[in-house]
Amino acid sequence: MFELIPCLVIAKGSVWLPPGNDTEVVSRNPLRVGLRFKALGAKTLYVIDLDAAHLEFSSAPAVLLGLAHAGLNLWVGGGVRSADEAQSLIAAGAQAVVVQRLAQDPQKFDQLTSSVGPDRIIVSLERGAGECASGPAPTLAPETIERAEKLGISRFIVSSAVTPGSKPRIDSALYQGLVRPSRWIGAGSGIRTSTDLLRLQRLGVNAAIVGRALYDHPFDEFWQEPTKTDAG
Numbered sequence: 001m002f003e004l005i006p007c008l009v010i011a012k013g014s015v016w017l018p019p020g021n022d023t024e025v026v027s028r029n030p031l032r033v034g035l036r037f038k039a040l041g042a043k044t045l046y047v048i049d050l051d052a053a054h055l056e057f058s059s060a061p062a063v064l065l066g067l068a069h070a071g072l073n074l075w076v077g078g079g080v081r082s083a084d085e086a087q088s089l090i091a092a093g094a095q096a097v098v099v100q101r102l103a104q105d106p107q108k109f110d111q112l113t114s115s116v117g118p119d120r121i122i123v124s125l126e127r128g129a130g131e132c133a134s135g136p137a138p139t140l141a142p143e144t145i146e147r148a149e150k151l152g153i154s155r156f157i158v159s160s161a162v163t164p165g166s167k168p169r170i171d172s173a174l175y176q177g178l179v180r181p182s183r184w185i186g187a188g189s190g191i192r193t194s195t196d197l198l199r200l201q202r203l204g205v206n207a208a209i210v211g212r213a214l215y216d217h218p219f220d221e222f223w224q225e226p227t228k229t230d231a232g
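For the sequence shown, the numbering used here assigns the number 1 to the initial residue and increments by one for each residue that follows.
Honestly, the hints are just simulated from the structure, not real lab data. There could be a bad hint or two in this list.
Stated by the list, open to error - Restraint ranges, calculated between C-beta atoms of paired labels, are given here:
no., residue 1, residue 2, range
1, K150, H217, 20 to 28 Å
2, Q87, S14, 32 to 40 Å
3, P61, L40, 38 to 46 Å
4, W223, E146, 34 to 42 Å
5, R28, D84, 37 to 45 Å
6, D119, D84, 12 to 20 Å
7, R32, E146, 36 to 44 Å
To be verified - Lysine to aspartate or glutamate pairs mimicking EDC-like chemistry, simulated, CA-CA at most 20 Å apart:
no., residue 1, residue 2
8, K108, E146
9, K108, D119
10, K43, E24
11, K150, D105
12, K150, D119
13, K43, D84
14, K12, E24
15, K150, D171
Heads up, the beta-carbon is just placed ideally off N, CA and C, and yes, glycines get one too.
Produce the complete structure using the sequences and hints provided.
Shown next, in the form of structure tokens:
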């Protein structure tokens with residue numbers, strides 16, 4: 001079933017408007033924001049920990065404990081650099097960790113998988129702004145995908161880099177080249193409206209991870225009838 005997954009960017013104990021501009025604080029209460037998304041219908045939250053990404057003291061563990069107690073499925077990314085850090089996040093309530101750079105280091109990636117298990121790992125992949133989007137298959141770190149799948153990891157969040165001044169868009173060729181029955185694919189960029197959610201479902205994508213657009217546009221149509229577009 002297709003899922004809409006809100007992105008919660010946290011730093012210094014607050015929620016920031018994605019992607020985390022220091023001048024745009026959404027709320028000083030991450031738990032309240034998470035519970036609001038749950039009330040709308042969200043079952044999973046993708047929490048991005050900017051403090052950990054910047055090697056600063058992180059408030060994420062306390063936030064995770066509160067959100068996990070509320071019954072939300074939590075994925076955490078941003079600054080996961082080792083198996084020990086991943087274990088700490090899972091102990092705090094995360095169901096999975098999202099990694100990008102660590103997945104490109106074979107030794108650390110193997111250690112992570114052995115430590116927490118492949119079901120606890122989601123790999124984030126991003127295609128650079130300079131790569132061609134017109135072909136049927138994307139040039140998107142195929143060796144990282146192959147390495148992950150050999151380790152038993154099947155979940156990937158896939159994004160396209162957005163150049164300054166350009167409008168977000170759904171990169172159909174990117175997802176068409178990656179969708180497989182054996183893979184779980186989450187779209188991590190280009191989502192602005194409920195129409196974009198419909199398009200992603202038709203491409204065979206499993207979920208949309210929505211950041212800034214979710215604060216600008218409530219996606220009422222999806223929350224009120226999440227299976228509506230499945231029949232389209």
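Taking the hints in turn, this is what the structure says about them:
1. K150 to H217: 20 to 28 Å: violated, 39 Å
2. Q87 to S14: 32 to 40 Å: Given a distance of about 26 Å, which is not inside 32 to 40 Å, the answer is violated.
3. P61 to L40: 38 to 46 Å: Because 25 Å falls outside the window, the suggested range is violated.
4. W223 to E146: 34 to 42 Å: holds, 37 Å
5. R28 to D84: 37 to 45 Å: 30 Å Cβ-Cβ, so the 37 to 45 Å window is violated.
6. D119 to D84: 12 to 20 Å: The hint (12 to 20 Å, Cβ to Cβ) holds, given that D119 and D84 are roughly 19 Å apart.
7. R32 to E146: 36 to 44 Å: About 42 Å separates the Cβ atoms of R32 and E146, which means 36 to 44 Å holds.
8. K108 to E146: holds, 16 Å
9. K108 to D119: holds, 17 Å
10. K43 to E24: Violated: K43 and E24 sit about 25 Å apart, past 20 Å.
11. K150 to D105: holds, 15 Å
12. K150 to D119: Holds - the C-alpha atoms of D119 and K150 are around 13 Å apart, at most 20 Å.
13. K43 to D84: violated, 26 Å
14. K12 to E24: At roughly 13 Å apart (the allowed maximum being 20 Å), E24 and K12 satisfy the hint.
15. K150 to D171: violated, 26 Å
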